[in-house]
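Protein chains in written order, with our numbering: chain U, 15 to 209; chain R, 3 to 365; chain A, 1230 to 1384.
Just so you know, nobody snuck in bad clues.
A short list of chain U residues far from chain R (calculated; beta carbon distances all over 10 angstroms):
hint	residue
1	Phe-22
2	Ala-23
3	Asp-38
4	Ala-101
5	Leu-115
6	Asp-166
7	Asp-195
So the derived list for chain R, only partly shown, Cβ under 10 angstroms to chain A, looks like this:
hint	residue
8	Gly-53
9	Pro-89
10	Phe-91
11	Ala-100
12	Ser-173
13	Glu-177
14	Leu-181
15	Ile-237
16	Pro-239
17	Gly-243
18	Gly-249
19	Phe-280
Straight-line C-alpha distance at most 30 angstroms; calculated DSBU-like pairs for lysine-lysine:
hint	chain 1	residue 1	chain 2	residue 2
20	R	Lys-113	A	Lys-1373
21	R	Lys-113	R	Lys-263
22	A	Lys-1368	R	Lys-113
23	R	Lys-68	R	Lys-333
Since the hints were made in silico from the structure, they are not lab data.
Virtual Cβ for every residue (Gly too), placed ideally from N, Cα, C.
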Amino acid sequence: MSGLSPGFADPVADAQSCFRAVLDAMSRPGRLRRIAGLTPAAPLGHAAAALLMTLVDQETPLWLDPEAAGARAWIEFHCGAPLVEDAGAAMFAFALARPGLPMPDLTSLCAGTHESPETAATLILQLPALGSGRRWRLSGPGLRTPEVLQADGLPADFAVRWQHNHGQFPCGVDLILCAGDTLTALPRSVMIEEA
Amino acid sequence: MAYVAVKGGERAIDNAHTWLAEERRGDPAVPELTLAQIEQQLGRAVDRAMGEGSLYDRELAALAVKQAQGDLIEAAFLLRAYRTTLPRFAHSSPVDTAAMTIERRISAVFKDLPGGQLLGPTYDYTHRLLDFALADPAQPVATAQAAATPEAMPRVADILRHEGLMEADGSPDGEPGDLTREPLAFPAGRDIRLQALARGDEGFLLGLGYSTQRGYGGSHPFAGEIRMGSVAVEIEPAELGFAIDIGDLVLTECQMVNQFKGTKTVPPQFTRGYGLVFGFSERKALAMALVDRAMRAEELGEDVTAPAQDIEFVLYHSDNIEATGFVEHLKLPHYVDFQSELQNVRRMQAEAARLRETAEAAE
Amino acid sequence: MTPHSLPDHPHPARRRWMAVLARADAAAIETRLQACRDLPPYIRLRGPESGLVMVRGRAGGAGGPFNLGEMTVTRCTVRTDQGLVGHAYVPGRDARQAELAAMVDALMQDPARADTLEAAVIAPLEAAQQARQATRTAKAAATKVQFFAMQTMRT
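Chain U on its own, in the form it takes in the complex (with noise of 0.2 angstroms):
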């Protein structure tokens, strides 16, 4: 407790800019937006962290990646989230991702019910590298053209992953990709194919 690092330096100011760059990204996947700083505990990024402040609270459980669990006391202390062993009980899962470090198995969290899909869960993964590495072609709900996001760290396989998810529309998670202070979206609407 006596080594861990204040969160936002203008808590209301701060997670409303990040909600905003959040929707942002909702509404135009595979854009990059960048998240002004605060110092999270490792192995958090600036932007998970950011995220990790604004979205997850009290009454969001939490699923946290055990390669996470440097950050876990940050993390209980400044979101109070209630930490769950399991994945499908959580409404927000954060997750690192980096070559040979599997992917959390996306049909392992909530995709929601289509009496209530808005109960599906957000899984944030953070990536070694945004704007780099392999190439994604996005199609779909608020993008006018199909976007390439270059993303390093997901799976070989991401693209079929992700069209099992994107599959069950209405239902599915919704993904936010995050490396360093910068941040993207792919919500459950969002086609993805190999470019």
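Dock chains R and A against the given chain U, drawing on the hints supplied.
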């Protein structure tokens, strides 16, 4: 239902609100009310706004009462709206009313109960004569004090329960439902019913409670105990890992005792209706306990015949914020609906006139 | 007010001073703190921020839990330059009270300061709170009904 978006009222609305502010302030020659005055001198209004606003904060409730010009449903509405802007940090451990620091405690069933009967600052036994002395600023009142005996004040219901005459308490475990998070759904458990009653409209519950006494779903209630005083609130923050005491709330609790004839499996005994309300709100606590007991009719194998026993009826209509929203929405423009009604009535009138003429011509 | 220091509680001393600070307004804490010199610098780790606590009750007083309604609460966490972390949860919306309470909570964990703070801040605040409570209890006691049974009246 259809509404028509109407533009052009902005200036009228602005001017209406300015006038409202001026009217609220009243004659500038009269000193303005402070929140402390409202909190201190209109305490029952503050209590009611907190209870029905479902938010314990005396200062905010005083502000709401001031802003609403004393309209307590409007004040509760303001508090309900305000609370949505705040994050929820925690829920408390259930408050222990047996450990209440008592300021009033009476029982209508036992004269000599352990700890005695304390009248507290009550309106009972006043003659309801207007006190014209209050019209002028008065000297401070010196209240009598007496040495308090450090005697325990067990809840009357617990005394009866130890004798086996009172129904058992329900399971003390479980995670209660929360109306502020999940919409009302049926069947509604007692946890949800008690939450709805605690924030329900005092007038509505008073009327319903009265109806049970007058024979609409009548049971024979006794006010087993009413207690008012302060209880400590405890939460257990994860970062501390142990429970801490975060201050006191004033609550009023009512235990209503009802005779129960028993069934094949349950012996004859007393059953309870329970009331627990923010602040010093005795009438509300009594009414809540009556209606809580009435809504247990089905659970206890009694006939459900009266409005107070009908859980859906009570819960759907006890919230005065919902009620005022739907009743007052009738003020909104319904121009299109009414145009169609108007055409219908004109057509029907014309039709009726034609039929009459045809009939007269035939004679 | 329930007893602050339940004997079986794992942290009776800290629990007691946190309960006292929760019931003291900012001005009272500040006034008492003036007697303590050389207060160390600290940083705010979280807050002060206002929020809600859902207060629960039990059906019949001892039965199943239910949500009674919310109360406003302000919390704050600070860390002193020595690395002591202080927490506060106080009723209402006074950010200053929460911050002062968190700071005093941190300093009370420092054995070199605890006695001074106890004497200057905690004990006097607690005494004032107990006196206020005792007055109300005495007023309530004066309204206790002394029943006279009819047979006593006849003799």
